[in-house]
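From just these sequences and the hints, can you work out the full model?
Under UniProt numbering, the sequence shown has 277 at position 277, and the numbering climbs by one with no breaks.
Since the hints were made in silico from the structure, they are not lab data. All C-beta atoms, glycine included, are put in the ideal place defined by N, C-alpha and C. One or more hints might be untrue.
Stated by the list, open to error - Derived DEER-like restraints, expressed as beta-carbon distance ranges:
(1) Ser218 to Arg391: 55 to 63 angstroms
(2) Leu396 to Glu152: 50 to 58 angstroms
(3) Glu274 to Glu152: 43 to 51 angstroms
(4) Pro217 to Pro276: 15 to 23 angstroms
(5) Ser218 to Arg521: 37 to 45 angstroms
(6) Ser323 to Gln158: 39 to 47 angstroms
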Amino acid sequence: MLFLAPLALALAVALPATIVLLHLLRGSRWRVRVPATFLWADLAPSVAGHSRPRLPRLTLLLLLQLLAAALGGVTLARPATLLPEPGQHVVLILDASASMQATDASPSRFELARRRALDRLASLGPSDEVSVIRAGPTATLLAAGPPDKVREALRQAQPGDGAGALHEAIALASQQIAHTPGLRGQIVVFTDGAFPPLDPVGALAAPVEFLSVAGDPSTGNQAIVSAQVRAQPSSPDRRAAFIVVANLDDRPASIPVRVADAASGQEVARQTVELPPNSAGSLAVELPGDLSRLAIELDRPQPDALPLDDRVEIDTPLLGTRSLRVQLVSPAPSALRQALEAVPTVELSVVGPDAYQPSGPSPDITVFDSFLPPELPRGPLLIVNPPAGNRFLPVLGTFTTTGLTTIDAGHPLLRGVDILALTGAVGKNLARVPWARPVVAAGEGPLILEGYDHGYPLVIFTFDPAQSGLDKSLAFPLLVSNAVAYLIADRSGRTVIPGDPVALPAPSAGRALLVRPDGQRQVVELADPAAGELWISDTERSGRYLVLDAENEQAVLSSFSVNLFDQGESDIRPRRDLAPLPATAQIGPAAAQPAELPVQEWWRFLAAALVVVVGVEWLVFTRRG
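So, in structure tokens, the structure goes:
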């Protein structure tokens, strides 16, 4: 039993005490019937006019008055009893981003988050509901149910090597809680806070609490944030690695960089980069001609708090190592022909649309200008000015570019290109195709797209360079040169961001064997046999992936490397504004007033009893007359 207005309990004592005091002050007088009153006439006034204080007699009327007074005081104190609390639905979100592997918290930030999540789990009752969500490259629901059912999933969770999808994880948590409106919801995010500001999540079915597991806030990190291999402009048969190293620390750093052959381990070069606080520096290393795969590492005696971004592997593209067979199919090839012939090592063959033979020898790259065949060939493609009436890229109309709205400035296709030269270009407005994404787009439609068809890379220029006047600008030959390098680099091996899916040409057997960096193997089946593509989606771990023929494991179908290359994720310094997010959608009574205790109040029943007691007291009083 508890009282919601405990100060009113004083009235339960004060009111009866006041009644007794009034009786004492009045004295005790009783009505007595006597034979005659003249016998009292000679009594002294002092005796007849005063009464002596004495305790009142315990009559039924007095007891009813005291009971009514006490009931009134207790009623005003609002007595109540606690109801059984409604069950909770707690969603535990584990930030599984790469920065959670930092070791400035013992043994790591992720392990500390796991321990705290298990502690929170231990505080819940068997009737509570728990959901565990892992915020890796995508938000994944690991388990849901009573605490004992999800404990093992929490113990088995592991951090990833890429960015964490916290925004999607919080949205998924809100959806989970919305499915249990009778339970009191709470979302708890265990994170190091090393993420950019979250976009608005929308309506939340429960409040969100952030629990920081970051270690020393002054902990910095050094990372390899970019690495590319390009042919040297002066000598196309020679290649160089261009490496960018970042010092994500408030102190200067001296960073030794080792470049080696990833296959043999033989060292190619070693340089030291001196970087001031919060800066990045680049270095160029000339590579041997027979190098096929490159390993770059920060070679320090002691690793920093996040060793994950201290080593990368990249494939060296074919460009610059041999001649590239490029076939141009165009009715009027003047502009494209000049641009392609200017690319070093390109052996160009030009045919008209009528002479095009898709069954002939397969070139390294096929370029279609103002023409598309009924069936596209398998291999890297550059499509320029797609014609109306083709079924592969439906053309809805034309437009003149008035302003650029989408520019992927970091894309390899735009390297060194003055993109403003595309203003005024006459482009084709294409129907949306799900496999292509815009690299440059105007408000009227896309100008440059890239994507994959049957596992092969494609680049699409929707504009006519001659009609737009781009054939006379420096931007167009640079775009063509970058497109050739991009298509060949994708064919010879690619660097993938953790969590990004990879499309490969389907093997003849229809399935392949994926060998992960840790040696684990997985058979990958064709998701859509008609598409002829093999999609590999489990790329969360950084390192080298091999794709083998499932029927002949000695045959390597493809290989690719997964590297972090994310300066934002490599910056492990936590943010300090992890303010909780309030619930914005009421899904049940518990969500509306989460701070109030569930109680049953009894004052209404006591008030009714008080009315009954007062009524009985009145009847007793009137009957006594």
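Results for each hint:
1. Ser218 to Arg391: 55 to 63 angstroms: 60 angstroms, holds
2. Leu396 to Glu152: 50 to 58 angstroms: Roughly 53 angstroms apart at Cβ, these two residues keep to the hinted range, so it holds.
3. Glu274 to Glu152: 43 to 51 angstroms: 49 angstroms, holds
4. Pro217 to Pro276: 15 to 23 angstroms: 20 angstroms, holds
5. Ser218 to Arg521: 37 to 45 angstroms: This hint holds: roughly 42 angstroms between Cβ atoms.
6. Ser323 to Gln158: 39 to 47 angstroms: Given about 46 angstroms between the Cβ atoms, the range holds.
In this structure, every one of the numbered hints holds.
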